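A.B. asks: Residue-level listing of the chains:
Protein chains: 2
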Amino acid sequence: MGLKFSIPYQIPFYETDITHHVKLPHLLAFSLQVSGMQSESLGNTDKDVFDNYGLVWIVTDYAIEIDRLPRYNEKVTITTEAISYNKIFCYRNFYITDEAGQQIMLFKTTFALMDYETRKVAEVPDEVVAPYGADKIKKLLRGPRYKTLENPLEILYRVRYFDLDMNGHVNNSKYLEWMLDVFDLDFLTEYTPAHIDLKYVKEIHHGSKIYSGYEFDQGSLSSQHQICVDGNVHAQAIIQWKEIGDE
Amino acid sequence: MGLKFSIPYQIPFYETDITHHVKLPHLLAFSLQVSGMQSESLGNTDKDVFDNYGLVWIVTDYAIEIDRLPRYNEKVTITTEAISYNKIFCYRNFYITDEAGQQIMLFKTTFALMDYETRKVAEVPDEVVAPYGADKIKKLLRGPRYKTLENPLEILYRVRYFDLDMNGHVNNSKYLEWMLDVFDLDFLTEYTPAHIDLKYVKEIHHGSKIYSGYEFDQGSLSSQHQICVDGNVHAQAIIQWKEIGDE
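Going down the list, the protein sequences come from chains X and Y.
For the first sequence, UniProt numbering begins at 1 and goes up steadily by one.
For the second sequence, UniProt numbering begins at 1 and goes up steadily by one.
The hints are simulated quantities; they were obtained by calculation from the structure and are not laboratory data.
A quick note: this is a predicted structure, and the numbers were derived from the prediction, not measured.
There could be a bad hint or two in this list.
Claimed, not checked - To be clear about the criterion: a stretch of chain Y counts as covered by chain X if any three or more of its residues have a C-beta under 8 Å from a C-beta of chain X, and this derived list gives those stretches:
#	segment
1	16-24
2	29-43
3	134-140
4	165-176
5	226-237
All C-beta atoms in this analysis are idealised placements derived from N, C-alpha and C, irrespective of residue type, glycine included.
If we strip away everything but chain X, and leave its shape as in the complex, we get (with noise of 0.2 Å):
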């Protein structure tokens, strides 16, 4: 376990949805400002892992799980924590809790370098990492199992200019967005996801044309999601959803 870093954060207007939640896909990107904010605080920045080893961090697998999310206008704290790592991936946990301290959230996430200019994940020099305080394991921690779909429903999309961020690529919240926003209005106001395990395999650029497929299961409520550019899958993930009533 390692050091933990705290933010408190109000959910704005114009971050939340029609069901006055907070849009899913901006809390995630929202998280990784946390994390960059801690390691800002500890003199370990991005700016530092890229000038010093032309590396930068990107996040290859989340898995989300949602008791509720919060409510516009609510104030809530944003706890990271590096768990562990290995020789090439990093753990990292975000613990989203409410005014009374409740954990409402939890975010697990892995991390990898990236070398900014091959594009390839590169093995974690343990300098980079020492100032989090996590242990160093031996073992690969492994997700789900993710299956190629056979018969998904698919809709376009095209890569928007404000869809990119400064690394160049498509910002990986914006797949959250794509995944969801197959679904019509009527079940997205009805149904929230209570657990989300995605994996990223291979970033996209402008210009690409995107296909987000899926598959639903009705009697389990859960989904099964792909983005897939040219017939090659970029992004997977496994949605549980339960009733907005529910929480």
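Given the coordinates of chain X, assemble chain Y onto it according to the supplied hints.
C.D. replies: Showing chain Y alone in chain X's frame:
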């Protein structure tokens, strides 16, 4: 001139674009958040206005002056000031200043109050705006004259779930995304808006097909824009561009 209210803001990673500058639609959305925070600090929240009058604040016009867009991680201050109001409109400025206190952007905005049930603009109750200390004026401030475009280039957009906000319609920052996204990547990495006039005409709902149309004049480096649904204009803009290197 009315009360001023300031919030410091550091530009987050996920709201910067490929040129490393802040995404302008995000900064507009965040500024509205700052005026909401001022209302809260004065004990005059949006919720109070809704509960007591059934009214919600909407923005009808922007005049945006950009010396330069703030960059990733830059610390700026956003100051809002209620300037004046008349029977229908409230005029409010937002000043973005850099760490040296230099003003780098100015948003002149026009707000109105919409009856949530009838979706029509309502008269401004004096007591709703009294806390901001702005002068009541008789004059209606006029924006530029927008012409209907005769032969626009048009790109089709579908409204996505996450384009909607808590008011159940498309968040107004999205209109600007559709207007700017029509340009190609090369143009958007070489040129940046110096001045934008933007007028909202009608709200947009989920399921709508949006045509973002524009005409660009290379000689004057200016573009005119309209957002249409079913042949009706829902928003219009005029943008004056400059080379990014000029800033």
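A.B. asks: Now tell me, hint by hint, if it's right for this structure.
C.D. replies: Hints and how they fare:
1. Residues of the segment 16-24 of chain Y with a Cβ under 8 Å from some Cβ of chain X number 5, which satisfies the need for three, so the listed coverage holds.
2. Remark: the segment 29-43 of chain Y is confirmed as covered by chain X, as 5 of its residues place a Cβ nearer than 8 Å to a Cβ of that chain, reaching the required three.
3. Counting residues of the segment 134-140 of chain Y whose beta carbon lies closer than 8 Å to any beta carbon of chain X gives 0, which falls below the threshold of three, so the coverage claim is violated.
4. For a cut-off of 8 Å, the count of residues in the segment 165-176 of chain Y with a CB near a CB of chain X stands at 5, and the three-residue condition holds.
5. Under a criterion of three residues with beta carbons nearer than 8 Å to beta carbons of chain X, the stated coverage of the segment 226-237 of chain Y fails, only 0 such residues being counted.
When each numbered hint is compared with the structure, violations occur for hints 3 and 5.
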